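Those protein sequences? They're chains A, B, C and D, same order as listed.
Take 4 as the starting number for the first sequence in our numbering and just add one per residue.
Take 4 as the starting number for the second sequence in our numbering and just add one per residue.
Take 26 as the starting number for the third sequence in our numbering and just add one per residue.
Take 26 as the starting number for the fourth sequence in our numbering and just add one per residue.
Don't read these hints as lab results, they were simulated from the structure.
Just so it is clear, the structure is predicted and the values come from calculations on it, not from any experiment.
By construction, the Cβ of each residue, glycine as well, lies at the ideal position given by its N, Cα and C atoms.
Some clues are possibly wrong.
Cβ-Cβ distance ranges computed for the label pairs, FRET-style [to be verified]:
| no. | chain 1 | residue 1 | chain 2 | residue 2 | range |
| --- | --- | --- | --- | --- | --- |
| 1 | D | E81 | A | D382 | 42 to 52 Å |
| 2 | B | L6 | D | I286 | 55 to 65 Å |
| 3 | A | E143 | D | E276 | 47 to 57 Å |
| 4 | A | K147 | D | D188 | 50 to 60 Å |
| 5 | D | A139 | A | N440 | 41 to 51 Å |
Quick partial rundown of chain B residues pointing at chain A, CB under 7 Å, derived from the structure [claimed, not checked]:
| no. | residue |
| --- | --- |
| 6 | E59 |
| 7 | G270 |
| 8 | G340 |
| 9 | L355 |
| 10 | L364 |
| 11 | W452 |
| 12 | L454 |
| 13 | K455 |
| 14 | N459 |
| 15 | P461 |
| 16 | A462 |
| 17 | P465 |
Each computed DSS-like pair below joins lysine-lysine, with the alpha-carbon atoms no more than 25 Å apart [said to hold, decoys possible]:
| no. | chain 1 | residue 1 | chain 2 | residue 2 |
| --- | --- | --- | --- | --- |
| 18 | D | K285 | B | K116 |
| 19 | C | K44 | C | K89 |
| 20 | D | K50 | B | K356 |
| 21 | D | K76 | B | K115 |
| 22 | A | K421 | D | K285 |
| 23 | B | K423 | C | K172 |
| 24 | C | K221 | C | K285 |
| 25 | B | K419 | C | K44 |
| 26 | C | K50 | C | K89 |
| 27 | A | K154 | A | K220 |
| 28 | A | K7 | A | K147 |
| 29 | D | K76 | A | K455 |
| 30 | A | K115 | C | K285 |
| 31 | B | K426 | A | K356 |
| 32 | C | K76 | B | K426 |
| 33 | B | K356 | A | K356 |
| 34 | B | K116 | D | K76 |
| 35 | D | K36 | A | K434 |
| 36 | D | K44 | A | K419 |
| 37 | D | K50 | D | K89 |
| 38 | B | K429 | C | K285 |
Take a look at the letters that make up each chain.
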Amino acid sequence: MALKNFTKMEYGSADEVVFGDAKYPLSYGLGLKVGAGFVSPEINFAPRPGTEKTVERLVKEYVDYITTDIMNRAVTLGFPSLQLENEWIHQMGNDPKKYAAPVVAGQKAVMKKFNEEYGVACAIRHTCADPRLAEMGLREGMDKTHMYPEKTIESFEVAAENGADVLSVETMGGKEVADYAVVRQDIRGWLFGIGYLGSIDMAWIWPQIVDIAKKNKIVPGGDTNCAGANTSMFMAGGYLDKDIPRTFSAVTRMIASARTLVAIEAGATGPDKDCGYEGPVLKCISGRPSAQEGKGAQDAHADLMGNLMAHTCDLWSNESVEYHSEFGGSSVQCWLGVIGYEAALMNAAKQLKQDKVLRDLYVASDRFRCPEGFCICFDNAYQIGQAIVENGKSYYLRSKAAGLKAAELVQASNDKGKLKLSKQEKDTLNKILTDLNSLPDEEGKFVDWALKEYKNVPAFNPKNYEL
Amino acid sequence: MALKNFTKMEYGSADEVVFGDAKYPLSYGLGLKVGAGFVSPEINFAPRPGTEKTVERLVKEYVDYITTDIMNRAVTLGFPSLQLENEWIHQMGNDPKKYAAPVVAGQKAVMKKFNEEYGVACAIRHTCADPRLAEMGLREGMDKTHMYPEKTIESFEVAAENGADVLSVETMGGKEVADYAVVRQDIRGWLFGIGYLGSIDMAWIWPQIVDIAKKNKIVPGGDTNCAGANTSMFMAGGYLDKDIPRTFSAVTRMIASARTLVAIEAGATGPDKDCGYEGPVLKCISGRPSAQEGKGAQDAHADLMGNLMAHTCDLWSNESVEYHSEFGGSSVQCWLGVIGYEAALMNAAKQLKQDKVLRDLYVASDRFRCPEGFCICFDNAYQIGQAIVENGKSYYLRSKAAGLKAAELVQASNDKGKLKLSKQEKDTLNKILTDLNSLPDEEGKFVDWALKEYKNVPAFNPKNYEL
Amino acid sequence: MLDFDAINADKILTRYDIKMESSEKPETIAARILPKDPALKKVAEDVMNLKGKLIEDDVKAALKSNAPEIVIQDGLLKGMDVVSELYGRGIYYLPHVMVAADAFDKGMKLAEGAMSTEKKTKGTAVMHAAEGDPHDIGKNIAAVLLKSNGYKVIDLGRDVLVDTVVDSVLKNKPNFVTGTALMTTTMSAFPRITAKLAENDVHIPFIGAGGAVNREFVESFDMGVYAVAAKDGPHLAAKIIDGWSWHRLREKWDDIIAGKI
Amino acid sequence: MLDFDAINADKILTRYDIKMESSEKPETIAARILPKDPALKKVAEDVMNLKGKLIEDDVKAALKSNAPEIVIQDGLLKGMDVVSELYGRGIYYLPHVMVAADAFDKGMKLAEGAMSTEKKTKGTAVMHAAEGDPHDIGKNIAAVLLKSNGYKVIDLGRDVLVDTVVDSVLKNKPNFVTGTALMTTTMSAFPRITAKLAENDVHIPFIGAGGAVNREFVESFDMGVYAVAAKDGPHLAAKIIDGWSWHRLREKWDDIIAGKI
Ligand code: B12
Ligand code: B12
């Protein structure tokens with residue numbers, strides 16, 4: 004662990020944390036400012052199926068259709084600023100020079116044209132794919148079949164050199180163990196997979212990303228535990244889905260916040276990734292700008308905190324929509340409208356100094372709906388952040404502390420009769436508390452135990468983590 | 004004019020008017036309350052192209068897919084209440100017994116099931132089609148080819164008898180003259196078409212709708228000048244569309260509010276139609292619940308008042324989306340998520356007694372963006388309402404007063420440097436003021452003049468209005 | 026009530042149109058298109074400046090030194106070209122186009138009267154709004170633009186039966202047909218029309234447009250060519266008159282619509 | 026900060042799951058499915074109650090008075106039936122299913138060992154996640170449900186080459202193949218697979234599933250049959266084993282998925 008570790012909070016109190024302002028604002032791309040007293044929409048999209056078949060068709064889709072439509076609508080609706088996000092598809096990550104380079108360059112050219120013509124501030128985030136397979140090997144030189152680790156690093160280079168303003172990624176470290184644990188409701192396995200192994204993988208990949216960004220004078224954004232915590236949350240689902248109890252999902256998410264923090268410790272400056280619902284905790288700890296998604300990301304998924312998620316954001320995202328026609332224009336235009344107007348509401352509140360009122364209304368809408376949402380309300384997120392920084396030096400201990408703190412907060416509110424839980428959710432919560440409390444106080448002991456306990460998990464290979 | 008006419012405002016001041024509360028709240032359908040301290044989402048949809056080919060396919064589309072998906076997602080996301088709106092397609096209006104009856108009944112059955120199982124409050128609005136063609140004749144007995152006037156009335160009966168909770172329609176009276184006038188920027192023609200002829204047609208059709216509703220113990224909702232004012236607004240478009248100057252569009256809308264009021268004078272109780280942007284004026288005058296659309300209706304169209312439109316609503320609508328798949332579920336589910344969460348935000352604000360703050364933030368976002376939006380801010384809408392009720396007894400005079408008041412308010416704000424206008428918009432505004440001011444003070448004189456001036460307008464037939 | 030006048034609106038949402046307003050110079054655009062000959066220039070300027078009252082005198086004057094074909098080609102139509110250009114750039118609004126078209130019509134009547142041969146239009150279009158569809162404003166606008174670009178338009182109106190459209194095509198032998206649909210449930214009339222045309226061995230382009238319609242749908246049936254906006258009409262029509270098949274129109278569609286070719 | 030504890034949350038957004046909780050009675054559901062015979066009932070209850078520790082003893086006991094086929098059919102599989110039902114109704118969560126499946130597996134090993142004839146599964150499936158697609162959680166869940174419903178599963182993993190899938194089908198002759206894709210840009214592998222199968226004259230159902238995929242897409246190519254959720258797998262599989270073609274599965278799809286047939 005050669006990286007800096009957070010051992011104290013950047014904000015003095017929870018109440019200082021609000022959308023549109025970050026302690027360390029950013030300025031990049033074509034005039035875009037993030038976290039500097041203003042919220043901008045971040046629009047994400049997926050090409051239509053079949054357009055990946057040739058490079059030409061893919062470039063047309065991303066550049067002439069998607070990017071042009073977006074910029075047109077931004078001007079039509081009068082949005083002063085926006086960010087685009089391109090989450091790379093497999094083909095781009097698999098052959099970056101051929102598939103990704105012309106897309107990245109083409110999108111930037113369109114944005115420049117609109118920026119020059121109308122003065123609309125904009126930037127683009129490229130979220131490169133991390134296709135690494137645990138069974139093949141996560142580190143360079145290991146996967147001789149696909150060369151995925153090498154291609155992952157090459158992706159960042161190609162993105163950075165061709166026009167990306169922000170680099171991001173959703174990395175996969177520890178996911179093989181987390182996948183195994185999540186369907187068995189085994190919180191200790193999850194802690195090992197994401198809290199420990201995931202953090203180690205982050206500490207390997209993020210310094211490399213930061214270097215590439217620095218070399219190209221662009222922004223190393225941040226990560227998200229999409230691979231782990233979003234899977235939990237997605238499976239916990241809405242009120243009728245019951246794949247995973249929501250108390251489990253809430254605790255996994257808070258464990259993940261300790262892991263995603265490693266990107267920032269490696270030099271990432273934010274904005275972190277929209278789908279990282281651990282964002283509020285990261286912002287409380289680090290003061291870095293945050294991208295989030297909720298009400299305006301119904302195109303991509305529904306969760307129980309659509310308003311809540313806006314309360315600390317600096318970029319407000321739609322997560323992703325496939326390009327197609329709607330009565331109101333193309334899908335990217337419609338969803339840009341939704342998130343851009345939400346940003347306008349937040350910005351009106353900031354100008355009129357009512358931003359904390361609006362923040363509290365966002366929170367009030369969803370605070371007691373589900374444990375995941377409850378944990379990331381700024382007051383609770385701040386406390387969980389504190390639990391992390393108090394144990395800042397050990398990936399294991401700080402992840403465990405985050406999980407425990409989350410479980411305790413949930414239990415306390417439930418005891419007070421505010422946050423309601425189903426019987427199954429309560430049982431799970433009790434089991435989580437017992438399980439976490441039964442773990443050793445030393446990292447070494449925990450790792451020894453876990454390596455034995457999870458040695459037969461399919462695809463788990465300690466060499467991926469130099470263990 | 005045998006109908007009641009509004010000659011005074013139902014609210015004592017503009018500041019009393021806010022989303023979620025109406026002076027005359029309603030309770031109908033399966034436990035739904037509207038305007039009673041709460042905002043509910045109203046979700047609207049269109050069947051996929053091709054599904055209209057057989058009755059069976061159409062019923063499947065509306066009932067098994069659209070309605071079932073909607074109710075499922077409402078429960079998944081925990082929405083306590085919602086309204087559905089079915090805007091009839093041509094086939095339903097053209098042969099109501101065959102095409103519409105099974106759809107109406109099938110949708111209601113699904114809603115009942117969910118209501119019984121989960122207690123989710125719900126209701127459905129059927130907005131029957133008004134396919135009448137001016138060139139064929141708007142009144143019964145005139146259109147021997149299509150029998151459209153007869154079919155229109157039959158539609159309401161079929162809807163009411165098979166399960167509609169609310170009846171609405173977007174009537175067409177005066178549209179032939181308005182269409183002619185709108186592309187020639189002739190405000191006097193518009194005043195004649197919508198303000199005068201449109202009101203006469205309303206006074207003919209709405210008492211019939213109210214009777215049908217009463218007979219079936221359901222709610223006669225309201226109308227909208229979609230035919231006229233939405234066309235203006237749609238053509239005025241966003242910042243880059245310039246088919247119609249936005250000052251023209253704003254004044255046409257305010258003239259339309261005098262016309263749409265006739266439904267209420269005939270006994271309609273609200274909620275009026277979402278796409279009637281004249282809604283805030285109607286609510287100020289009549290105290291009836293209002294359906295509106297904006298930020299969450301980007302699926303259907305983009306305008307410059309996405310937040311603003313929420314500020315006085317009691318139902319919050321998506322206008323319409325075609326049924327299809329998205330990453331986040333079916334399109335109706337995704338958009339229901341957007342509008343349902345917005346309703347939740349408003350309801351959180353009401354509980355925390357911050358509703359007027361949130362109202363003002365909605366207004367602040369869009370107040371100075373375009374003259375249309377400016378006119379329907381509650382303070383301005385109230386003044387325009389006053390201009391109408393002061394001239395309540397004459398359709399002509401009150402429409403003219405609404406238009407003039409709107410033009411004056413726009414000019415005053417522009418003079419103060421707040422509401423910006425382009426050169427073309429200013430020129431148009433000046434011409435509107437001159438044109439309206441040049442008109443006579445007597446209805447009779449105006450009608451004589453207009454009948455001569457517009458006698459050659461294609462499809463205009465005074466007999467449609469008993470003139 | 027919060028103090029709304031305290032808001033700096035442009036920081037929340039920007040009025041790009043007003044921001045851009047000053048940078049557009051209509052005169053420079055007009056200068057590139059207007060004819061040199063003073064009499065013809067006068068005619069063109071009457072159209073572009075919406076001078077319905079002067080145009081008849083000016084056309085008469087121009088006819089003294091120019092053949093009627095020239096007055097139409099280099100006077101009236103050039104005027105409409107300027108109007109189209111200004112409209113396309115958002116300097117003119119639609120009402121300008123409508124009133125300019127009125128002036129253009131008056132001038133045309135005079136010039137045609139002075140022609141020795143039969144009136145020559147560039148080509149003919151049969152237009153309609155789909156069966157069951159009452160939305161016709163877009164179609165009406167498109168019709169004006171086609172007419173003022175020199176095409177003969179047979180406008181069948183709105184809510185037009187499939188068979189009425191087919192019959193009209195068989196009778197009038199137009200260069201292309203157009204259909205407008207604003208409702209997803211009426212646009213299915215389009216392929217029914219083209220199928221019947223094919224049975225009668227007619228294979229002309231069918232321009233499908235209107236709010237409900239998208240490119241994918243229009244290209245899902247033979248003959249279908251999509252148009253986004255009324256201003257695309259003249260671009261597509263020009264290629265059709267040049268002999269382009271619907272296949273070729275589809276292939277080069279992006280470039281045609283973008284005005285690149 | 027506003028006083029959040031003052032909120033009446035259920036009036037803003039309702040927790041229907043908790044509202045519904047009390048109305049569901051697992052025992053009544055189980056009683057309808059569980060076998061009468063006490064020894065078999067014990068086995069089934071072990072599965073349904075996730076008793077991995079007791080099951081081996083109880084299976085041994087049941088084998089004393091019952092043929093192995095009966096222990097499997099009326100004991101182990103009935104237990105899994107209860108689990109599926111409870112999961113389908115939202116009473117059990119997925120982890121219950123996973124742990125029950127572990128118990129089921131243990132019991133199966135014993136019962137199979139006691140069989141005189143070859144192990145008899147209901148049928149075989151080849152499963153994979155699409156080429157280029159690393160998302161495999163959904164596929165893994167579906168595999169567990171199929172296995173615990175008595176099917177043999179050949180799981181090829183994730184990011185599987187088209188040719189690998191085709192080769193496996195030709196070699197293993199399964200009753201059906203499944204593909205999972207969570208990205209719109211990987212699902213195009215599905216029709217490539219079925220095309221190659223057709224070339225080899227294989228025409229078995231191809232169950233296509235995963236977040237990116239929808240029914241329309243899966244039905245756009247031959248053999249494709251869509252599945253929404255993992256629990257649809259056993260329903261579809263049962264029909265396939267009954268000899269239904271992919272045509273027929275598609276025709277009756279709504280009813281199969283709704284559990285009506
Ligand atoms: C005005 C309007 C009406 C008016 C129409 C007046 C008229 N004379 O046309 C009236 C009130 C009659 C009306 C009625 C209805 N309407 Co209506 N209406 C609209 C509205 C608000 C604007 C349409 C419009 O005029 N747009 C402006 C014109 C200029 O656009 P356009 O026609 O698309 O034309 C442009 C291009 O397409 C192109 N173009 C068009 N034709 C051609 C041809 C050629 C050759 C070329 C090159 C280009 C071209 O050029 C134009 C611009 O440059 C839309 C909202 C919307 N988002 O579109 C709803 C909308 C179309 N209506 C809708 C509905 C549902 C109805 C009703 C069925 C509602 C009801 N149940 O009462 C009824 C119809 C009843 C019936 N008979 O069946 C829905 C349709 C949903 C769907 N797709 O199925 C819409 C989309 C509203 C919504 N979001 O729900 N409506
Ligand atoms: C977790 C996750 C990941 C994890 C995957 C972990 C794993 N082992 O699978 C990781 C981090 C690896 C990941 C990576 C990426 N992801 Co991802 N990911 C997700 C996420 C959040 C959840 C997916 C999930 O597991 N869902 C739960 C499972 C249970 O659902 P399911 O697989 O659909 O299965 C259900 C049914 O389909 C069915 N089923 C499935 N298979 C079968 C088979 C049979 C026989 C039957 C009967 C049923 C059945 O049963 C299941 C439920 O009952 C989704 C978000 C979402 N909205 O889906 C994004 C999502 C799928 N990812 C997305 C993207 C873009 C990516 C990346 C490309 C991003 C990037 N640039 O880094 C990368 C992939 C990089 C690469 N290699 O190309 C997009 C895809 C967009 C698109 N459609 O093109 C999504 C939709 C997010 C978004 N909205 O943008 N992701």
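Taking the hints in turn, this is what the structure says about them:
For the pair D/E81 and A/D382, the beta carbons lie near 50 Å from each other, so the given range of 42 to 52 Å is met. With their beta carbons about 56 Å apart, B/L6 and D/I286 fall inside the hinted range of 55 to 65 Å. At roughly 52 Å, the beta carbons of A/E143 and D/E276 sit within the given window of 47 to 57 Å. A/K147 and D/D188 have their C-beta atoms about 19 Å apart, which leaves the hinted 50 to 60 Å range violated.
About 43 Å separates the C-beta atoms of D/A139 and A/N440, a value consistent with the hinted range of 41 to 51 Å. The criterion of a C-beta within 7 Å of any C-beta in chain A is not met by B/E59, whose closest approach is roughly 26 Å, and the hint is violated. For B/G270, the suggested interface contact is broken, since its CB lies about 32 Å from the closest CB of chain A, more than 7 Å. Taking 7 Å as the C-beta cut-off, the interface hint given for B/G340 holds, the closest approach to chain A being about 3 Å.
Interface hint status for B/L355: upheld, as the beta-carbon distance to the closest one in chain A is roughly 6 Å, under 7 Å. The interface hint given for B/L364 holds, since its Cβ lies 5 Å from the closest Cβ of chain A, which is under the 7 Å cut-off. Using the Cβ-Cβ criterion of 7 Å, the hint placing B/W452 at the interface with chain A is not satisfied: the shortest such distance is roughly 39 Å. At its closest, the beta carbon of B/L454 sits 37 Å from a beta carbon of chain A; the interface hint therefore is violated under the 7 Å criterion.
For B/K455, the interface hint is violated, since its Cβ never comes within 7 Å of a Cβ in chain A; the closest pair sits about 40 Å apart. The beta carbon of B/N459 comes no nearer than 34 Å to any beta carbon in chain A, farther than 7 Å, and the hint placing it at the interface is violated. Using the Cβ-Cβ criterion of 7 Å, the hint placing B/P461 at the interface with chain A is not satisfied: the shortest such distance is roughly 28 Å. For the restraint placing B/A462 at the interface with chain A, the shortest Cβ-Cβ distance is roughly 26 Å, beyond the 7 Å limit, so the hint is violated.
With 7 Å as the threshold, the beta carbon of B/P465 stays out of range of chain A, its nearest partner Cβ sitting at about 35 Å, so the hint is violated. Taking the CA atoms of D/K285 and B/K116, the gap is about 17 Å. The hint holds against a cut of 25 Å. This hinted pair does not check out: C/K44 and C/K89 have alpha carbons roughly 46 Å apart, beyond 25 Å. This hinted pair does not check out: D/K50 and B/K356 have alpha carbons roughly 41 Å apart, beyond 25 Å.
For the hint linking D/K76 to B/K115, the alpha-carbon distance of about 41 Å lies beyond 25 Å, and the restraint is violated. With a C-alpha separation of about 40 Å, the suggested pair A/K421 and D/K285 falls outside the 25 Å cut-off, and the hint is violated. Taking the CA atoms of B/K423 and C/K172, the gap is near 36 Å; set against the 25 Å cutoff, the hint is violated. A hinted pair counts as satisfied when its Cα atoms are at most 25 Å apart, and C/K221 with C/K285 does not qualify at roughly 34 Å.
A threshold of 25 Å between alpha carbons decides the hint, and for B/K419 with C/K44 the separation of about 18 Å falls inside it, so the pair holds. About 33 Å separates the Cα atoms of C/K50 and C/K89, which puts this hinted pair outside 25 Å; it is violated. With a C-alpha separation of about 21 Å, the suggested pair A/K154 and A/K220 falls inside the 25 Å cut-off, and the hint holds. Taken as a hint, the A/K7 and A/K147 pair is broken in the structure, with Cα atoms around 33 Å apart against an allowance of 25 Å.
With a C-alpha separation of about 24 Å, the suggested pair D/K76 and A/K455 falls inside the 25 Å cut-off, and the hint holds. Simply put, A/K115 and C/K285 have alpha-carbon atoms about 20 Å apart, close enough for the 25 Å limit, and the pair holds. Annotation: proposed proximity of B/K426 to A/K356 is violated, straight-line Cα distance about 33 Å (limit 25 Å). Annotation: proposed proximity of C/K76 to B/K426 holds, straight-line Cα distance about 20 Å (limit 25 Å).
About 18 Å separates the Cα atoms of B/K356 and A/K356, which keeps this hinted pair within 25 Å; it holds. Only pairs whose Cα atoms come within 25 Å are accepted, and B/K116 paired with D/K76 is rejected, the gap being roughly 37 Å. With a C-alpha separation of about 31 Å, the suggested pairing of D/K36 with A/K434 is violated against the 25 Å cut-off. At roughly 18 Å between alpha-carbon atoms, D/K44 and A/K419 fall within 25 Å of each other, so this suggested pair holds.
At most 25 Å may separate the alpha-carbon atoms for a hinted pair to count; D/K50 and D/K89 exceed this at roughly 33 Å. Distance restraint check for B/K429 and C/K285: the Cα-Cα separation of roughly 34 Å exceeds the 25 Å cut-off, and the hinted pair is therefore not satisfied.
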